[in-house]
Each structure stands twice: as structure tokens, then as C-alpha cells.
Amino acid sequence: MATETAAEAEQESPVNRVRSLVVRRSDNRAALGLAGGIADRLGISDAYVRAAFVSLTLAGGVGIAVYIVGTAIAKAGDDITPADPPDGRQVVGLAIMFFGVMAFMRGLNLWFGDTVVWAGTLLAFGGAAMWDKTSIFDPASGGFAPSRTRIVVGALLLLAGIASLSSTISSIESLGPAISAAALTGAGFMVIFGPWVSSLVRDLGEERRNRILADERTEVAAHLHDSVLQTLALIQRTDDPKRMVTLARGQERDLRNWLYGPKSDGAGLKLRAALESAVSEIEARHDVPVELVVVGDMPITEGATSLVAAAREAITNAAKHSGATKVSVFAEVRDETAEVFVTDQGKGFDPDNIPAGRHGIEHSLRGRMKRQGGEAEIISEVGEGTEVRLKLPRGNHE
Amino acid sequence: MNDTTNDPARDKGQDKANDTSLFLVDDHKLFLSGVQSELSEHFPIVGTAGDVDEAIAGIRKTRPDVVLVDVHMPGGGGVTVISNVLQSHPETRFLALSVSDSPEDVIAMIRAGARGYVTKSIAPDDLAGAVRKVADGDAVFSPRLAGFVLDAFGGAISPAADPELDQLTPREQEVMRLIARGLAYKQVARKLSISIKTVETHVSSVLRKLQLSSRHELARWASDHRII
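Chains A and B supply the protein sequences, listed in that same order.
Each step along the first sequence adds one to the number in this note's numbering, with nothing skipped, and position 365 is 369.
Each step along the second sequence adds one to the number in this note's numbering, with nothing skipped, and position 226 is 301.
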């Protein structure tokens, strides 16, 4: 067993070792994070690795092929802590390796021509020297600003690249010397000042984010002050426990609505919101908790207005007369109908012997709903509570 | 109030049918002590915990019948407690108790394995009744939860859906509507002329669908909370 696993490990290890050599960054990446991963592994700035890829791409597209193969074998998102920066000897070694590969490609004739490749290489590495992030955020030199030697070296490389390009490529010359000079100068400026501009843009973005956060905090504070703190102050000044519960419930509903409720999107009042406000008003006035459950929603049409008015009447009635400790309201909006049920577990009444004040209510509920083509029904039994069912047809009253 | 469901034959010859042991998990100390004093008249409370790790360790040690668990807590919330404990002790029953009743929270708790969901504004007697129901293996649907269920299962289902799990039967819908209207199981049974046991069967089957259905509304809520 032991020898077998050892053999297995030995068989697997070279592949795994190669695979683990190549990693891909999950953030701070330009394309797939491969250049960044290689840079982290070597301990150099990703700008140089990207420049090397650009140069290799000019060498017959080898850079792209290497990138694709590297991405395929790399372990994605396995970020590693960047290795220590290489010392002078290692840098020279890496440079020799790079030029060795380039010369090899030239020998294989994978080459877009001396001028293009070498000028491109000069430009790529000149740019990389400017963009080198390790120098931009160097705390020793006080924030950003690349070190002076690097700027000089980068600028010289860029100039050499621009010069060799502009002196040979006829298409640029045919554009006229003035235009090509302007274009090249602009490109040079972009490369030189790019890092500074990009860090400026980043700072601005951060500032904007901070300002939005601060605004949000102010808004939350204002809302809590107007609602929760006011209610808490009221509760402290109240002796009546029932009143305290009502205040707390009203505040709870309000806060919950603010936290989880549908955002008011300017689409006008909806049935759910109208019922919610009716319920909290009745709760506050009669000190009876009302539990509201709404399924679906609809815009406030003429019919919906009558439905809410009738529901309000039925809930008020239950809160006032039923003697129940709680009133339940269930509203369901479907394609064809909208229904509201108002249920209490209170004392109820005998439908054949309706108490004096109740006649009017039944009348008024029926009348309201009938005018909208709907119906109202009251079911009650002594000792078994009361249930009011309101039904509104939809479609012809939209 | 729920004495009818509390019959001694419930648990294969165990002699403590009336002694449902209870464990409370809530990070609000004030609320925790309030619930503890309310419920200690009805049940032996074997432990309490104020955060996720404490809760998981405590529940594994004390093996309560029912755990009353808050939704929002530091360290992962009630969903983490439920899924962790159910892995090692699948017989533990959970009742979610929270001030929050956003649909996402409700659905996430149920899909993690809670047998019911009540809000903290519930009356003490109703809470005790809900604990008993959960201990008996029934599901506890508050009117609000029934409303969410109707919302989530309403509308058309995609053709690829599993009608067994992704749709409520007409009878289950009726039961949910009556619960949403505020009726107790007993009243639902009377209204539909069926037995309480049948109502409980319907409710349990809705709970199962809520936990297993792939309806996109439920799936979306669940994936927001990374429980699938």
C-alpha cells in the first residue's frame, strides 16, 4: 500500500508541480489573471510580464499561444502572496531568458519583422517601466511617483521605440509628418502620465462611494429619528399598557415596511400599501392588533378603492364590537378577482337577530361592493366570531 | 389549547410525553430571558445559547426535542445552526422565531429544515402551542407564512417543473388560504369538514414542498441565502 501511494505521488508530482507553478490572479487582473499570477510567482511587477507577452505576441503570435496554454494549465483564482523581488542577478537571468526566447522565435522565423518586433518590445517595456505599480504606490517615495531612474529609463525606451517605428513605417509617414508626430507624442504622454491619471480616477471613484455611503447614513439617521426615536419617547410617557403595545406595533410595522417593504417606485399606490395604512390607522385608534396578510397586488382602481373602504369598515367594526383580542385580515389578488377576508374570534352574533347597530354596516358593505359589481358576505355565529368576505371582480373595472 | 394533539402515544413508549425538552437560541439576552420565563411553565428548558457556535455545541450536548431558534445571529444565523445540527442529529426539531419576516428569511429557515416559523409578536400561549405542535412532528404555519406560500406557489409553473413538488393541490391551497385568514387548525378542519389530523397532513405536505420544490421563486430566495 505504502509503496503504491508513493509511486502514485511520484507519478503525479511533476504534473502537479508544473501546474502549481502557474497560478492566475482572481483580482487586479487585465485579462484572465495569468500575467499577474506569473508576476506574483516571480516577484516582479505585472507590468513587465504583460510587456513580455506583448513582445512575444509580435513574435508570430507566440505570446497569445503561450497565454492560452498557460491559462489552461493554471490553477484559477489560487492567489499566492507575491514572491520577494528578485535581486540583480535574477533580473539579468530573466532578461537573458526573454531575449533567448525572442532570438529562438526569430530563428524559427516566427517573426513579424525586426523593426516591428524590436520597436514593439522597446515600447512595451518602456511603458511597463512607467506603469510599474510597485513604484506608483511606493510608500518610501511618498505615495505614487515612480522613481526618477525608472522614468528616465522608461522614457528613453519609449523614445527609442517611437523613433525606430516612425523612421521606417511608411504608412505613418504618408499621414504627414505633423500628424504622425502629434499622434506619437500623444501616445507618449498617455503612457507617461497614464499611471497618474488612473490613480486619480480611482481616488475620485472612492470619494464618490464614500459620499454615497455618508448620504445613506444621514438618511437612515433621519428616518430613525422621525420614527423610532419619536415612538420610544411616546412610549416612555404612556402609562396605559394597551397603548404601549399599539405604539410598539405601529412602529414595528412601519420599520418593517421601510426595511423589507416594496420600494415606492413612483408607480402609484397599490392595494397592499392602501390596506397596510388602513390597518395601522385602525390599530392605533382602537388599540386592537390587526394581522394583515396580502397575497398578490393590484393598482388602485375605482373598484380597489371601494374594496379598501369596505375592508376598513369591516376591520373597524371587528375592532370596536367583537371584543376579540386580534383581528385577522387576508387579502388575495388573483387574475379574475380580488378578495378580502376580515376574521375575528370575538363574540359573534346571530344572523337572524342582528343587533341594532349592525344593520347599517351590512347594508353599507353590500352597497359599496355591489356598485363595483362585487359582493359582500357576513358570516357569524354567537360565540364563534365573525367573518366578512368581500369580493371584487377584476378586468371590466380596470 | 392544543391538548388534543398532545397524546401520550406520540413517541414510541417514551414516558415523558408531556415533557418536551426545549433549547432556546437568541442573541438578544432580554428577549431570551423573557421567552425563557414564559415557556418554563410549560416545558423543561435544557439550555440556551446566544450565538451560532454556542448553540450547535449546546444542542449536541443536551439533545433537546425542540429548538427555538432566532433567524439573525452573529456567526451565520439560524440557518447555519439548523443545517449543522440536522447533519449530526436529524431527529432534532426546529421552530424559527424572529422579528424579521421578510420572505427571504422565512423561506431560508424552512428550506434549511425548520418545521415552522413564528414571529416574536406571537402571544405566549400560542408560542407554547406551536412548540407542542413541532414536538409532535407537525408543521407550524402562521398566517403570514401561509401568505408567503400562496405567493410563492401562485402563478404559472415552468413546463420543466415537477408538478408533484412545484404545485399545491387545490385542497392544500384551501388549507393555506384558511390559515392565512387567521383560522386555527381546528377551525380549518371544521370549515372543510375534515379531521384535524387531515389538516395536519396537508400542512406537512406543504412544508415538504416548500423544502424540496424547485419553483424558481423558492430557488431564488434560497440561492440568495446560499442554502442550495
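No wet-lab data here; the hints were simulated from the structure.
All of these numbers come straight from a predicted model, not from anything done at the bench.
One or more of the hints may lead you astray.
What the hints assert, rightly or not - With a cut-off of at most 25 angstroms between alpha-carbon atoms, the simulated BS3-like pairs for lysine-lysine come out as follows:
| no. | chain 1 | residue 1 | chain 2 | residue 2 |
| --- | --- | --- | --- | --- |
| 1 | B | Lys195 | A | Lys330 |
| 2 | A | Lys351 | B | Lys104 |
| 3 | B | Lys266 | A | Lys395 |
Tested hints:
1. B:Lys195 / A:Lys330: Holds. Lysine 195 of chain B to lysine 330 of chain A sits at ~16 angstroms (cutoff 25 angstroms).
2. A:Lys351 / B:Lys104: Not satisfied, since the Cα-Cα distance of roughly 38 angstroms exceeds 25 angstroms.
3. B:Lys266 / A:Lys395: holds, 19 angstroms
Violated hint: 2 only; the structure is consistent with all others.
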